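Could you put the whole structure together from the sequences, leaning on the hints where they help?
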Amino acid sequence: MDFDVVVLGTGLSESVAAAALSKAGYKVAHVDTNQYYGGDEASLTVEELAEWADARASDDPSSDYLANQRARYTSITRSQTIPPQSRQYSVSLAPSIVPSIGPHIDSLIASGVSRYGQFKLLEKVAVYDRPGYVQSVPGSKEDVFKSKALSLLDKRRLMRFLMFAAGDFEGKKELEGKEQTPFVQYLQDVFSLKDQATSAIAYALAFCTSAEEPTLPAMQRIRQYLRSAGRYGASPFLVGHYGGLGETAQGFCRTSAVKGGTYILGRRVVSVESSPDDSTKDEKSTSTSHSYSVKLIDFDERLTAKVLVSSPDYVPTSLGGNTSTSKQSAYAVARCVAIIDKPLVFTPSEVPEDTPSTDTDGPTDGPEDEPSEKPEPPSYDVDTALLVFPPGCLQNGSTTTAVHALVTGEGSMSAPRGRYIVNISLSLSESTLSSSAEELLRPYLEAALSLTAPPSSSSVTSPATSLFSLFYIHHTPAAVSSAPPSSSSSVIVTPPSRPHLPTIADEATEHAEAMFWTAVKQLKAAGVQRTVPKEEAEEGDASVEKAGTEDTSPDIDSFWPPLDAVEDETSDEW
Amino acid sequence: MADAASGSTERSVQVKLVLLGEAAVGKSSIVLRFVSNEFQPNKEPTIGAAFLTQKCRLEDRVLRYEIWDTAGQERFHSLAPMYYRNAQAAVVVYDVTKASSLEKAKTWVKELQRQANPNIVIALAGNKIDLVTPSASSSTPESEDEADDATATPGETGTSGEPESLRQVPRDEAEAYAQEAGLLFFETSAKTGEGVVEIFTEIAKKIPIDQILASTRGGQRPGAASGRAAQEGGVNLEENNAKGKDACNC
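Here the protein sequences come in this chain order: A and B.
If you count by the working numbering, then the first sequence holds residues 7 to 580, one letter each, in order.
If you count by the working numbering, then the second sequence holds residues 2 to 251, one letter each, in order.
Hints listed in this document are in silico derivations from the structure and should not be mistaken for laboratory results.
The structure displayed is predicted, hence computed values, not measured ones.
The beta carbon of each residue, even a glycine, is placed where N, CA and C say it ideally should be.
Keep in mind that a hint or two might mislead.
[As the list claims (entries may be wrong)] Residues from chain B that face chain A, not an exhaustive set, calculated with beta carbons under 8 Å:
1. Gln-74
2. Ala-81
3. Met-83
4. Gln-212
5. Leu-214
6. Ala-215
7. Gly-235
8. Leu-238
See the structure below:
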């Protein structure tokens, strides 16, 4: 079967790229060795998750893909019992919160994929304080006003920081020369913020994983998140229904299919070769367009294409994709997935340091409910929320690294009623790699569970039970060190996305766009004509002219073409 | 014909309907017949839409079908779980001139029972009866294939020949199966339009509209529409972007 592009792996980046290539008019075949969509970003039922874990824990690599996966997922332990209603869970292998403004949301909307899925606002971000208690995060001006924990002076300092962070701070004197300063130190030095505030900002606003992270990127993230707030609601972040990115990947794949993409799942890749008609193996030889041939198990015909886009785990060493699958990993994250039977309750532990409600001189827009009413309920049952553990907050936890725990429940369609998935991640440094994932994360799971028996409740309640738990370490390969393949001869290998809650979706989308343009360039160099849908040519006056004067398809000028009339259709009357 | 009462949008219920069936049985043709019927003859839906929508009036209610085509992903058994999610209705299509397509339809019914919402309304449709009805007008047997979309495997209709001999699936047999499995049953021709609208109106009658309305209003949607039902904290990404694009210029 002849295609223009074969895409191996249905991870988010590959899926977005496949959708864009199909929409641009190229003939795409999209393959995954797994039975499920989403690759390393898949959303799985509990049963599938257990199978996934077992396949990677066993030491019988039945395929190259699994062997590669086994090197990247280590220290796997899980509880044996699968809870009932397994199919009603969507557990994400790559938990994410998606900023409302950014490349990922842009692509969701521009591609039309947004209509396939739904999102929920992240309800709450809180910092773990001590068993049973959290500190709320002053993530907006309103929060700062409302906070009872902050002194007036602290409020002013925080406000000043938030205003600064929301603006165009590049080149400002507060930042100049300090771009690489460790962020926590920067907050203390420049904005005179105290420990609790710096910790909240660094780990719960900028989502730093350590105090050493440089200031500029942290500031840029905060700005993106501050600007995201208000687009869809108070929270800057969205959580995708049904497990997030895995579901989103399915949406992009469907979009590709709708535009003619061919989907083949659950078939092992037997071999990937440069086609024999290629006279020379010299990759430098100009204008020799390569042709790839992919053999799948139980599939008679080979899939052939001029361009190959692939997740690192599929690329055979012979095709030069191995630079990115080399054993040294750039990042490692210890992960815990636990299913619990009670919600977390966020009980603020704030102790007023200043007479409350002296800040009435501050806000002018909501005076009526200021003086008497409690600004916040004493405690808050959360369905979809994020709990942040700053370094050193647990005795037996990490002293250098922050830990993030994403909780998703029925509200985000990822668990049946009364059940919650807790997804804990801890970035690892060299020193912690000797411990097992379970040793590292068990204390955090216990701490999270302590919040399910709120101290505020009068009766003695027992904490939630963990119905299922899985621990593992996820290694992300180092980014391809060499420049991205620009010659027309390389396999386009997906660059790794840092598996970090608020950045992975945007990063994966940016990588997809880069791969898309590389593929387009290679396809052009190989002389592949794309099929321009009639409607596109007839749509606007400008494109009519183009189509009329040229036989060849017009140049692609955007990642996503305008949505078709019918795709945009919302009101058929009948 | 009827101008949509402007208030009716409030009461319209969105129903996700998925199509299933072997390649080239006429899934897309049935939808095209249903969606772009005579009322908008000049408005051929574009190939490969995300999904098609069509309102269906039922007494005082308006159902808004959101019809999902397989987009060819069924070909190598690669339909995503997303496809089945929240589907309240399914039309499983087979070709009356191809016995194996009914067997395939049965496996799709099983798949639906495994993957989909347990209350899903399933209709079984034996398509292409224009090829077997004795009175079949002998005109343009290829028209149906033309109407088919890009996702379909190109025409393998048994054109020409004795109409009767083309039938491979007796109506009785399929109907008995449908009854046993609790499915609505129809024989249809996307080409002539016979039986097509009936599928959708009969499904509409079986959809528990009141239940859906109640549950969407209550903010809970156990398997309710994937659509715009605003659930607490739920977000529709297009909301802030759809503004300014008028829906229809007719």
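Tested hints:
| no. | hint | result |
| --- | --- | --- |
| 1 | Gln-74 | holds (5 Å) |
| 2 | Ala-81 | holds (4 Å) |
| 3 | Met-83 | holds (4 Å) |
| 4 | Gln-212 | violated (17 Å) |
| 5 | Leu-214 | violated (19 Å) |
| 6 | Ala-215 | violated (17 Å) |
| 7 | Gly-235 | holds (6 Å) |
| 8 | Leu-238 | holds (4 Å) |
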